[in-house]
Amino acid sequence: MKEDKEFNNILDECLERIVVDGETLEQCLEHYPEQAAELKPLLETVLAVKAASAVEPRPEFKARARYQFRSALGEKAAPKHRPFFGWLPRWATALAIVLVVLLAGGGTVAAASNSMPDSILYPVKLATENVQLALTTSQLSKVRLCAGFADRRVTEIIYMAEKGDAHEVEVITERLDDRLETLVVLVSELEADDLKDGEAMFTTSGGEEAAAPPAEPTPPAEPTEPTAPTEDTDGYSPGPEEPVSPVTVEEGGGIWGGRGQAQSEDELIMDVFYSAANNPAVLRAMLEEVPESVKAALLEAIAVLENGYENVLEALE
Amino acid sequence: MQGEESLVQRAQKNDQEAFAQLYEEYFDKIYRYLALRIGNEMEAEDMTQQVFLNALRSISSFRWKGVPFSAWLFRIAHNQAVDHLRRKTKRASVPLDESLVSSGDSPHSTTERKIDIEQLLVATRRLTEAQREVISLRFSSELSIAQVARVMGKSQGAVKALQHSAIVALRRTMLVTEQ
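Those protein sequences? They're chains A and B, same order as listed. Here the first sequence is numbered in my numbering, starting from 280 and rising by one per residue. Here the second sequence is numbered in my numbering, starting from 63 and rising by one per residue.
Think of the hints as simulated: they come from the structure by calculation, not from any bench. Fair warning: this is a prediction, and the values are worked out from it, not measured in the lab. Backbone N, C-alpha and C fix where the C-beta goes; we use that ideal spot for every residue, glycine too. There could be a bad hint or two in this list.
[To be verified] Computed list of lysine-lysine pairs in DSS-like fashion (alpha-carbon distance at most 27 Å, straight line):
| id | chain 1 | residue 1 | chain 2 | residue 2 |
| --- | --- | --- | --- | --- |
| 1 | B | 216 | A | 355 |
| 2 | B | 75 | B | 91 |
| 3 | B | 127 | B | 75 |
| 4 | B | 216 | A | 442 |
| 5 | A | 341 | B | 127 |
| 6 | A | 355 | B | 91 |
| 7 | B | 150 | B | 75 |
| 8 | B | 150 | A | 341 |
| 9 | B | 216 | B | 75 |
| 10 | A | 329 | B | 216 |
| 11 | B | 150 | A | 355 |
| 12 | B | 127 | A | 574 |
| 13 | A | 284 | A | 329 |
| 14 | A | 341 | A | 355 |
| 15 | A | 341 | B | 91 |
| 16 | A | 284 | B | 75 |
| 17 | A | 329 | A | 574 |
| 18 | A | 319 | A | 329 |
| 19 | A | 341 | B | 216 |
| 20 | A | 329 | B | 91 |
[To be verified] Per the computed footprint, the stretches of chain B lying under chain A, defined by three or more beta-carbons under 8 Å from a beta-carbon of chain A, are:
| id | region |
| --- | --- |
| 21 | 87-99 |
| 22 | 109-115 |
| 23 | 130-136 |
| 24 | 220-233 |
Please model the complete structure; the sequences and the hints are all you need to start from.
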């Protein structure tokens with residue numbers, strides 16, 4: 280085993296000498312006379328592979344792709360229209376929600392928290408989330424909240440994808456991206472004390488903890504069968520003892536709320552790992568079922584999820 | 063190219079020129095990686111475009127913190143390739159794409175190159191998924207062992223071992239093909 284490891288290192292050193300430093304095969308072999316006989320055929324193979332795989336994209340494809348990419352760049356740089364409540368400063372958003380609660384009662388906010396993107400109350404749901412985050416003082420609680428909100432976005436993506444609304448899936452994916460980005464920042468700011476902190480946070484009328492994401496309805500056509508074990512991008516394949524199940528929306532809201540609030544660092548990390556593995560797997564399982572027109576948007580959502588959670592996990596480390 | 067970290071930071075602030083430079087730097091490498099992984103020119107083209115559109119969408123979520131931009135970008139390509147291949151295995155296998163040739167070559171060298179590519183594609187199909195990934199990233203896209211390890215989420219030692227076993231397997235297969 281040790282010899283294998285040593286040979287692997289020598290082989291790689293030779294490859295670096297040839298590929299990076301520009302040495303010839305013969306020059307390289309002079310450094311390793313004892314292994315030369317074994318190295319030579321392998322290095323010849325690599326040189327053949329390199330030569331064969333040096334394919335270039337067609338010029339017409341490159342030109343077309345460049346043009347389309349430049350257009351996408353331009354669109355991204357163009358100013359976006361502000362979302363509902365987006366023009367308000369944070370304090371004003373909080374005030375607006377408080378007024379809504381006072382005027383329409385806590386039931387409105389509770390109903391909004393159940394809403395899906397095609398509902399008239401959905402903007403209230405988004406604004407309420409911002410207020411919850413703004414008024415929560417504990418850093419750990421903010422992390423839990425934000426992670427729960429990210430789970431909500433996944434639920435909404437599932438709902439809209441099943442309805443065949445690719446545009447809305449893209450819009451929610453942007454919101455998901457923002458939530459995961461915020462989550463990375465919040466996790467990065469966590470300190471040791473925060474990780475031991477399980478104190479209560481912002482509360483709404485009736486004493487219900489706002490940090491527990493409110494209940495959401497189960498999307499009508501959400502997959503109910505456990506997803507078949509799916510090899511993830513790292514080659515990780517859940518065994519039969521750990522089936523990948525679809526996002527479940529339970530009392531408490533989202534898979535985070537459904538599994539209880541993380542009270543310690545270990546629980547928090549486990550929850551993040553769970554969401555990081557489960558949410559992309561659920562969306563991937565949907566790819567075969569949704570209309571063709573939604574697949575590209577769903578793939579983008581999966582990419583955003585995977586990249587986002589990867590950053591969150593790194594920040595946790 | 064200007065310092066990559068600075069370019070990425072500018073791209074994250076919607077600097078079009080910075081992102082365009084990153085695009086030019088990595089476009090061919092990503093295409094070569096996908097061409098070898100997928101073995102189909104048209105599909106590799108579509109997926110290359112999609113990789114950069116996805117990167118554009120999610121560049122704001124990228125955090126440097128020791129992860130090179132290349133590893134992040136190839137990770138997007140890797141994820142797309144995995145999704146694509148998973149869907150493809152559910153359908154009938156597609157024959158090798160004979161159009162995967164270097165368009166700038168002379169007729170003679172094109173014929174030679176084409177044979178080599180066909181041999182290579184056939185040979186890589188006998189590799190495991192992880193071995194094929196290492197060969198594509200290491201020799202087609204010219205990533206370092208450390209970068210390949212980041213993309214694949216494996217240790218450098220594991221990647222070196224995969225590299226060794228993949229080269230041995232390729233050598234064996236290509237010798238048989240030649241005979």
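How the hints compare with the structure:
{"no.": "1", "hint": "B:216 / A:355", "verdict": "violated (34 Å)"}
{"no.": "2", "hint": "B:75 / B:91", "verdict": "holds (25 Å)"}
{"no.": "3", "hint": "B:127 / B:75", "verdict": "holds (18 Å)"}
{"no.": "4", "hint": "B:216 / A:442", "verdict": "violated (38 Å)"}
{"no.": "5", "hint": "A:341 / B:127", "verdict": "violated (32 Å)"}
{"no.": "6", "hint": "A:355 / B:91", "verdict": "holds (24 Å)"}
{"no.": "7", "hint": "B:150 / B:75", "verdict": "violated (37 Å)"}
{"no.": "8", "hint": "B:150 / A:341", "verdict": "holds (25 Å)"}
{"no.": "9", "hint": "B:216 / B:75", "verdict": "violated (31 Å)"}
{"no.": "10", "hint": "A:329 / B:216", "verdict": "holds (23 Å)"}
{"no.": "11", "hint": "B:150 / A:355", "verdict": "violated (32 Å)"}
{"no.": "12", "hint": "B:127 / A:574", "verdict": "violated (32 Å)"}
{"no.": "13", "hint": "A:284 / A:329", "verdict": "holds (24 Å)"}
{"no.": "14", "hint": "A:341 / A:355", "verdict": "holds (21 Å)"}
{"no.": "15", "hint": "A:341 / B:91", "verdict": "holds (13 Å)"}
{"no.": "16", "hint": "A:284 / B:75", "verdict": "violated (44 Å)"}
{"no.": "17", "hint": "A:329 / A:574", "verdict": "violated (34 Å)"}
{"no.": "18", "hint": "A:319 / A:329", "verdict": "holds (15 Å)"}
{"no.": "19", "hint": "A:341 / B:216", "verdict": "violated (32 Å)"}
{"no.": "20", "hint": "A:329 / B:91", "verdict": "holds (13 Å)"}
{"no.": "21", "hint": "87-99", "verdict": "holds (count 6)"}
{"no.": "22", "hint": "109-115", "verdict": "holds (count 5)"}
{"no.": "23", "hint": "130-136", "verdict": "violated (count 1)"}
{"no.": "24", "hint": "220-233", "verdict": "holds (count 8)"}
Checked against the numbered hints listed earlier, the structure breaks hints 1, 4, 5, 7, 9, 11, 12, 16, 17, 19, 23; every other hint is satisfied.
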